[in-house]
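Construct all of the structure, not just a fragment, from the sequences and the given hints.
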Amino acid sequence: MARQRTRFVCQACGSVASRWLGRCPDCHEWNSLVEEVEVAVRSAGGAARIGATALPLREVSAQRHPRLACGMDELDRVLGGGLVPGSLVLIGGDPGIGKSTLLLQAMAQLAAGHGTALYVSGEESPEQVRLRADRLGTLARELYLLAETDFDAIEAQIARLEPKVLALDSVQTVYDPALTSPPGTVSQVRGVASRVMRLAKSSGLPAFLVGHVTKEGTLAGPRVLEHMVDAVLYFEGDRFQSHRVLRGVKNRFGSTDEIGLFEMTERGLVEVPNPSEVFLSQRPLHGPGSAVATVLEGTRALLVEIQALVARSYLAAPRRMGTGVDFNRLAMILAVLERRCGLRMSDKDVYVNVAGGLKVVEPAVDLAIAVALASSYRDVPVDPETVLLGEVGLAGEVRSVQQTEKRLREAARLGFVRAVTARSLRNGGAAAAIERIEVATLAEALVAALGDRYRRAPAEPDPFADDEA
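Under our numbering, the sequence shown is numbered contiguously, ending at residue 585.
Quick caveat, the hints were computed from the structure, so don't treat them as lab data. Among these hints, one or two may not hold up.
Heads up, simulated EDC-like pairs for lysine to aspartate or glutamate below, C-alpha to C-alpha not over 16 Å straight-line [what the hints assert, rightly or not]:
no., residue 1, residue 2
1, LYS464, GLU507
2, LYS317, GLU271
3, LYS522, GLU551
4, LYS317, GLU278
5, LYS475, GLU352
6, LYS475, ASP373
7, LYS366, ASP192
8, LYS280, GLU258
9, LYS366, GLU413
10, LYS475, ASP442
11, LYS475, ASP354
12, LYS475, GLU413
13, LYS464, GLU454
14, LYS366, GLU342
15, LYS522, GLU413
Quick look at the structure:
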């Protein structure tokens, strides 16, 4: 017995209304409500469905299934060691960033190492995918290709092939025939993802889903899509640069702090096993406004270059621009430099950039940002063999950060001989290969990093002298 129900679903937030409205009452977006017709099937007599039986938690099997290695160490790192059987992984990213390239390479490696793999393409023809596979060299014998958008037909091919892993590119193009709404709508995306999830959990089939993103950079469709899957990975990077970063924002089977670094070449994506050397490869050794910091991305310590430019402003409101850094922390550091160190920044244009396109949000780069700004302000270069590590407080103090010794070991491995850090009560012997200069205030750190030339530079007049008088 079938029953139809008409409702209006917001394409922006997924909220449901009983009638059409010009503006969504939840997210306040205009013209975002779309009419959808659902067909509900009720069993005759209203008999209750017999489902699974509840078991005591102690009786549930604790057997651990081995992970499937994807053959790409950077991808395995972000997944937490490999692909868990029965897991659902959602990969998002800007158009043209390389999601399909990454997935095709990973599926070829999985097919070569574990058996049959099924790649479902809902956006490209088989000939287009074959041309990409020829260019990437991913013509694995056990890799099967299916160009289909009807999930019933896809499920029939899954039953026939019994693959070890499934890839769906993309979830917005596949539709469930039981729903009357068009592909890409909220109900279709939710319904297709729900069917893939039930299939994966019941059969132990791991599955990749590719998701489109909106102009704001978030995954398109309802937020429930991210809650249904086991892992959400974002493929980030600039289309006009060669490096790509794979970042996990949700992972039920591993850490979300790990990143994977790839380089886009003519032969596809190439893993970058040593990101620090890549980020520092084109660093100017004696250029003002350049400082090196150490950041932690999961279990990996990376060295990144912080670039700063301070120039006289001819605007009523000087510009403040930061790429790859938190804008609020940049504003705070500028205020501390002006108030505690006598560097007048209120009439200067300030630009800060993290070289290589990496986004850094942890406070461990505060000291490097401050030193780079002071270096550009006084036109005094930082010692190229010095690395900076510390958090800057509002009182001008320099605070220690976590896992300092691990960061210093990475700096020593890459040839740095000196580190300016906050004072610590412990002296780790593991980083004895690098000289450690401990400072208590930001003013001490500027002298330690920039040397006597900074000390002899003429001081700016205190902008708060009149207020204090």
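So, going through the hints one by one against the coordinates:
no., hint, verdict
1, LYS464 - GLU507, "violated (23 Å)"
2, LYS317 - GLU271, "holds (14 Å)"
3, LYS522 - GLU551, "holds (14 Å)"
4, LYS317 - GLU278, "holds (14 Å)"
5, LYS475 - GLU352, "holds (10 Å)"
6, LYS475 - ASP373, "holds (13 Å)"
7, LYS366 - ASP192, "holds (15 Å)"
8, LYS280 - GLU258, "holds (10 Å)"
9, LYS366 - GLU413, "holds (15 Å)"
10, LYS475 - ASP442, "holds (9 Å)"
11, LYS475 - ASP354, "holds (12 Å)"
12, LYS475 - GLU413, "holds (11 Å)"
13, LYS464 - GLU454, "holds (11 Å)"
14, LYS366 - GLU342, "holds (8 Å)"
15, LYS522 - GLU413, "holds (12 Å)"
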